[in-house]
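**Q** Could you slot chain B onto chain A? The hints should help.
Read top to bottom, the protein sequences are chains A and B.
Heads up, the first sequence is in our numbering, so the first residue is 1 and it goes up one at a time.
Heads up, the second sequence is in our numbering, so the first residue is 1 and it goes up one at a time.
Zero decoy hints are in this set.
When the alpha-carbon atoms are kept at most 27 Å apart in a straight line, the in silico BS3-like pairs for lysine-lysine are as follows:
hint, chain 1, residue 1, chain 2, residue 2
1, A, LYS20, A, LYS680
2, B, LYS275, A, LYS681
3, A, LYS337, B, LYS223
4, A, LYS615, B, LYS65
5, A, LYS337, B, LYS275
6, A, LYS519, B, LYS65
7, A, LYS430, A, LYS519
I should point out that these hints are in silico values taken from the structure, not numbers from a laboratory.
The structure displayed is predicted, hence computed values, not measured ones.
So you can see what is in the structure, the chains are spelled out below.
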Amino acid sequence: MIEVRPMLTYEERMKLLHDKKVQHTFEKRKQQGYTDADDYGTVPVPEEYHFEPVAYSIEGGLYGAMVNALNFAAIMDAHPVYVDPLEIMCGRWRKMLTEYRERSATGTWNKAKYPYDELVPWHKKYGIVCGIGSDSHCAPDFTIGLELGFGGLLEKIARYKEINPGHDEFYDAERICVEAIQRTIDRHVEEIKHQLETEERPELRETLEMMLHANENIRDKAPQTFLEACQWMCWYNVATRIYDRDGAGCQLDVILLPYYERDVAAGILSDDLARFILADLMLIETHYYQISGVDENDRDQTNKLSYLILEAAHWLNSSANVTVRMHPNVDREFLKKAVSYLFIDKMAWPRFCGDNGLVDGFMKNRGVDKATARSRIAVGCNWMAVPGREFPMNDCVKINIAKVFEVAYDEMMAENAEPSTRDLMDRFSKHLKLAVEKTAEGISFHLAHQHDVMPELIINLMMQDTIEKGEDITQCAQVKTVGLDGAGLAVVADSFAALEQRVETDKVLTWDKVYEAVKSDFTCEDGERIRMMLQSSPRYCGGDTIADQWARRITDVWSDYVTNQPMEADRQLIPGWFSWSNTIMFGEMVGATPNGRHAHKPISHGANPNPGFRKDGAVTAQANGIARVQPGYGNTAPLQLEFDPRMSMEEGGLDRVLDILEAHVNMGGTLININILDGKKLMEANENPDLHPDLVVRVTGFTAYFISLSPEFRQLVVDRFLDGM
Amino acid sequence: MENGYDITGRLVSIQRCSVHDGPGIRTTVFVKGCQLDCAWCHNPESIAFEEEEFFYPEKCIHCGKCAEGCYAGAREKCGREMSVSQVMEEVLQDRPYYGDEGGITISGGEPLCQAEFTGALLDACRSEGISTGMESNLCVPETLIKDVLPKLDMLMADCKFWSPELHEKWTGRSNVSIIKNFAAAAAAGVPIIMRTPVIGGINDDEDEIGKIAEFAASLPTLKYYELLAYHPLGVGKAEALGKKQERFSTPSGEKMKRLAEIAAGCGIEVLINSKRYTND
Numbered sequence: 001m002i003e004v005r006p007m008l009t010y011e012e013r014m015k016l017l018h019d020k021k022v023q024h025t026f027e028k029r030k031q032q033g034y035t036d037a038d039d040y041g042t043v044p045v046p047e048e049y050h051f052e053p054v055a056y057s058i059e060g061g062l063y064g065a066m067v068n069a070l071n072f073a074a075i076m077d078a079h080p081v082y083v084d085p086l087e088i089m090c091g092r093w094r095k096m097l098t099e100y101r102e103r104s105a106t107g108t109w110n111k112a113k114y115p116y117d118e119l120v121p122w123h124k125k126y127g128i129v130c131g132i133g134s135d136s137h138c139a140p141d142f143t144i145g146l147e148l149g150f151g152g153l154l155e156k157i158a159r160y161k162e163i164n165p166g167h168d169e170f171y172d173a174e175r176i177c178v179e180a181i182q183r184t185i186d187r188h189v190e191e192i193k194h195q196l197e198t199e200e201r202p203e204l205r206e207t208l209e210m211m212l213h214a215n216e217n218i219r220d221k222a223p224q225t226f227l228e229a230c231q232w233m234c235w236y237n238v239a240t241r242i243y244d245r246d247g248a249g250c251q252l253d254v255i256l257l258p259y260y261e262r263d264v265a266a267g268i269l270s271d272d273l274a275r276f277i278l279a280d281l282m283l284i285e286t287h288y289y290q291i292s293g294v295d296e297n298d299r300d301q302t303n304k305l306s307y308l309i310l311e312a313a314h315w316l317n318s319s320a321n322v323t324v325r326m327h328p329n330v331d332r333e334f335l336k337k338a339v340s341y342l343f344i345d346k347m348a349w350p351r352f353c354g355d356n357g358l359v360d361g362f363m364k365n366r367g368v369d370k371a372t373a374r375s376r377i378a379v380g381c382n383w384m385a386v387p388g389r390e391f392p393m394n395d396c397v398k399i400n401i402a403k404v405f406e407v408a409y410d411e412m413m414a415e416n417a418e419p420s421t422r423d424l425m426d427r428f429s430k431h432l433k434l435a436v437e438k439t440a441e442g443i444s445f446h447l448a449h450q451h452d453v454m455p456e457l458i459i460n461l462m463m464q465d466t467i468e469k470g471e472d473i474t475q476c477a478q479v480k481t482v483g484l485d486g487a488g489l490a491v492v493a494d495s496f497a498a499l500e501q502r503v504e505t506d507k508v509l510t511w512d513k514v515y516e517a518v519k520s521d522f523t524c525e526d527g528e529r530i531r532m533m534l535q536s537s538p539r540y541c542g543g544d545t546i547a548d549q550w551a552r553r554i555t556d557v558w559s560d561y562v563t564n565q566p567m568e569a570d571r572q573l574i575p576g577w578f579s580w581s582n583t584i585m586f587g588e589m590v591g592a593t594p595n596g597r598h599a600h601k602p603i604s605h606g607a608n609p610n611p612g613f614r615k616d617g618a619v620t621a622q623a624n625g626i627a628r629v630q631p632g633y634g635n636t637a638p639l640q641l642e643f644d645p646r647m648s649m650e651e652g653g654l655d656r657v658l659d660i661l662e663a664h665v666n667m668g669g670t671l672i673n674i675n676i677l678d679g680k681k682l683m684e685a686n687e688n689p690d691l692h693p694d695l696v697v698r699v700t701g702f703t704a705y706f707i708s709l710s711p712e713f714r715q716l717v718v719d720r721f722l723d724g725m
Numbered sequence: 001m002e003n004g005y006d007i008t009g010r011l012v013s014i015q016r017c018s019v020h021d022g023p024g025i026r027t028t029v030f031v032k033g034c035q036l037d038c039a040w041c042h043n044p045e046s047i048a049f050e051e052e053e054f055f056y057p058e059k060c061i062h063c064g065k066c067a068e069g070c071y072a073g074a075r076e077k078c079g080r081e082m083s084v085s086q087v088m089e090e091v092l093q094d095r096p097y098y099g100d101e102g103g104i105t106i107s108g109g110e111p112l113c114q115a116e117f118t119g120a121l122l123d124a125c126r127s128e129g130i131s132t133g134m135e136s137n138l139c140v141p142e143t144l145i146k147d148v149l150p151k152l153d154m155l156m157a158d159c160k161f162w163s164p165e166l167h168e169k170w171t172g173r174s175n176v177s178i179i180k181n182f183a184a185a186a187a188a189g190v191p192i193i194m195r196t197p198v199i200g201g202i203n204d205d206e207d208e209i210g211k212i213a214e215f216a217a218s219l220p221t222l223k224y225y226e227l228l229a230y231h232p233l234g235v236g237k238a239e240a241l242g243k244k245q246e247r248f249s250t251p252s253g254e255k256m257k258r259l260a261e262i263a264a265g266c267g268i269e270v271l272i273n274s275k276r277y278t279n280d
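Chain A on its own, in the form it takes in the complex (with noise of 0.2 Å):
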């Protein structure tokens, strides 16, 4: 009796992909504890993985291009092969090299050769998160890989070794990797054949067949077709997180289009297959892509991958950093469609970025032109970055501005004996001078050296610059803009607020009562009433508040500090208002504060609003408070947003969100991530998150599975829940 089985669909094979990537979830926790980050789409790591790196420089650490790329080499070689009979590509990572460099006797910075030690009471003054030793975080040019493919970007590497004498190590790395690459990609060459021999299944084989030519055509040559396009990206994506976590990925409706078009013209591609390659693509790696937004002629560029990518992206049913660009000209259809997503697949994805805002805000910098600006794509966390001539360094570089508020509050208590709110704006704006100024000098040191101590030598293959001038992208990137993010605006707006209603104003309070009780935490007497009162006053975000006008008198003060502070080689800072996942650190190096907030407790989102903002918690109030204290550069002050799930079945649900969407962009709101929750589903996971492993949030600017989450971390985002509703 011959069992006759029926032939899996495309969609059928991504659904057993998503259950196994909930499995994965599970195992992945049990091996590294909670994360509190991106789901980046790794594997588990099988017990016979082992790796210790092969090579240090003298100081004892991961240092210098050489050691960087024979490391690389060594840990991608020991990667083992992972070819899935399910999907149409392969590849697929488990460990960073980032965690060895950090794991090393002197991690990530080489202290030894470049010490900062008179920098580093400035960063503990002021809680700045300074950016020395960080990486990635900018856009690689993916037009570049693609047309050259890594045997042309190895002839490329040997062209100019010759044309540049004298930066032999450079190129030998540079070379060393791409090697790397090329060797994964055999082995996973040599799996699949082996597959292929046992496999019975007539879908699962044509599959393989086709996942075999992929990989043979792109070892060497340029991709031809859409799934090589798609493998090589694998590949790339692949590498350049194993070597440092880069997650930039492109404009990917736009990028795939000229393969897209001539598969389909040739008859080799469906939609159906091109769904699945593109679900594939997203499975394998999770890097951030956007879509639709329109060319620099201000025209439409959705097409038809924009529509392929979202239903893939349902297909997958995970989280999906992709970002929809917002503009007047792109059709609101399209966008409805978009924002349908976030309600059928409750996964936190798409989220959205506002093209005025971004592409208006990013003109002011010097010599930045409209192509440029409109060609800056929202490609990580919260931010965006010019593919392949940026090295913005955006997410990395932060001053924690209540800290910031701390010390001018507690300097002003001590000093004068008739404080005043005018006072301590004078004296938090002198303190946000000079930790502008001493996050400058560190941005410089770190630029100046990090190509000695760890050179972006994946990323350098797809920037303009690098191989042709033996540079890394730290040296050389043309557009010279450099991100620096504020957090806890709303902490500082709100203290602000509540001092000069309740004792300017009111004058139901005395400056000394509210310090008595901010200092104490407000455990003296009276102690919490005095919280109360300080709580209850008018809200940033609360509607035109006393508290909005502080956030916009504080933003003002933020941007032209940043955009003003000079840079070595003619760079620029430009600013933005974002936390990341740093709030609960942040809190920690913080005493109480004179909005209410207890000492040590988490200090506000991004540029969100402190829960309880206002009682009906209009997210038009939130939308048009946080649309007012845009830094204005090109940089995102993000608004987050929760909404319940029953919204989208009602009538005209959909249309309503987008037209807050659309006004929030209109007005020059940058980024919006949204969450879609279900109430119950997530209270049941925040008491035992293994009964939902396939809930997933967006914490911040990235999504994780709510699994992987420490318990701090769950109940911020249930806790911003909650106000939301």
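**A** Relative to the frame of chain A, chain B by itself:
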């Protein structure tokens, strides 16, 4: 101030980004005071015209300083005088979100119990190009409704019972003028959203809903007819006001669907709790 901007009304609250008081994103102005006294009212704080106070004992921090003002949210005043100008300041903040369908909804309470204020606020919105809506019980003299109809882009109103006797028993007034005013609104060309709060054991009657739906179908400007299942939100709020409100039963989902099916049989579009009813 010109054009009635200084006319004041007594309000319960202004809810921004409202999604349940008409189409699109809306700003809902809840006025205080209503001539009906529906036994299940979910906004019992909007019935009395006078200022009131909520008391939430669970929020009390026992500071013993109630007389100096409560900041803990345990004692909360309900009712404030606001001028049209002040209301417009808040409304205008929501304007960017109205899109093609949204706008203001004056609700309550009964907006026409403060007809001068309501009229002036509607005028102010119209002059700003903001779409206007009113949620009224329509239990007012016809002259009052006729004055306001030309200022409305949308009218939401309940038809709680078809039987005048039952209406009077449960709300304190007959529905005769309500029925007439529905017809007047339709005659004036104002789009109408008719709603029925369905209260278990009180009006969840197929015959009653059928008659209401038949009437709804006779209104040429009906946008849709919505059935709203009773919820006991008013019970807790009444208690916080020191009043007592009877708790009714919520009709089952099956029951709501059956009533919607009957209503839809009259050839009208029917919603259940904001969601479009379809019989598949």
